[in-house]
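Engineer: Here's the letter readout for the chains.
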Amino acid sequence: DTAVSQTPKYLVTQMGNDKSIKCEQNLGHDTMYWYKQDSKKFLKIMFSYNNKELIINETVPNRFSPKSPDKAHLNLHINSLELGDSAVYFCASSQDRLAGAYEQYFGPGTRLTVT
Amino acid sequence: SQQGEEDPQALSIQEGENATMNCSYKTSINNLQWYRQNSGRGLVHLILIRSNEREKHSGRLRVTLDTSKKSSSLLITASRAADTASYFCAMSSTDSWGKLQFGAGTQVVVTP
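Protein chains in written order, with the working numbering: chain E, 1 to 115; chain C, 1001 to 1112.
Quick caveat, the hints were computed from the structure, so don't treat them as lab data. Everything hinted at is true.
Here are the simulated lysine-lysine pairs, DSS-like style, with alpha carbons at most 27 Å apart:
no., chain 1, residue 1, chain 2, residue 2
1, C, Lys-1070, E, Lys-36
2, E, Lys-44, C, Lys-1026
3, C, Lys-1069, E, Lys-44
4, C, Lys-1069, E, Lys-41
5, C, Lys-1070, C, Lys-1026
6, E, Lys-40, C, Lys-1070
7, E, Lys-41, C, Lys-1026
8, E, Lys-36, C, Lys-1026
9, C, Lys-1026, E, Lys-40
Here are the computed distance ranges between Cβ atoms for each label pair:
no., chain 1, residue 1, chain 2, residue 2, range
10, E, Lys-40, C, Lys-1070, 21 to 31 Å
11, C, Thr-1027, E, Pro-61, 24 to 34 Å
12, C, Asn-1018, E, Leu-54, 36 to 46 Å
13, C, Gly-1059, E, Leu-54, 34 to 44 Å
14, C, Thr-1027, E, Gly-84, 25 to 35 Å
To be clear about the criterion: a stretch of chain C counts as covered by chain E if any three or more of its residues have a C-beta under 8 Å from a C-beta of chain E, and this derived list gives those stretches:
no., stretch
15, 1026 to 1033
16, 1038 to 1045
17, 1099 to 1106
Only a predicted model underlies this, so the values are computations on that prediction, with no experimental measurement involved. Even for Gly, the Cβ is constructed at its ideal location relative to N, Cα and C.
Given these sequences and hints, build the entire structure.
Structural biologist: Spelled out as structure tokens, the structure:
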């Protein structure tokens, strides 16, 4: 019954590897997001998709590539992982692309540790 | 750049006391939201206040918004140990409806 789910919850990998994080929402929402939360708990948006279409792409290195196969799923693939990529990554969804107008539902997060 | 700044960064109180935290922001906003994050968990939406509202209540939560001062406050009354969490304000600016910008959060510890 989880509204927004992410896998895996923990990811430990070495520099240079490629990894993916998966996200699914069962709320019927049109819009999904990826956020990165650093060690100081600062949360920053990375990407936003609305009905499978990319609508927000912040200044994120192109090693990060989101993919939305359908509006219920948004995956994040990261190439050539670097130490600075270590963080907690959150997926979220909202009813509509007007992020300020609607509450967002967050997944439990994926803690990525790059060694 | 970070839109919201929260004050204090950390707050320690005893059960039954009230907790107040403030959020200041830089540009004109549409709405402002507050979220809670328990340790090791995702964020949970608490309340949304629109730019034309001044105060909003939800259970033990009271949120105020002063657009002239570009600030908001969250008050938790009669706090409980279960309120221990980080609290974040988030807003979308009038020129960017599509994204929420979060403050750095206030870490609240409620001691039984």
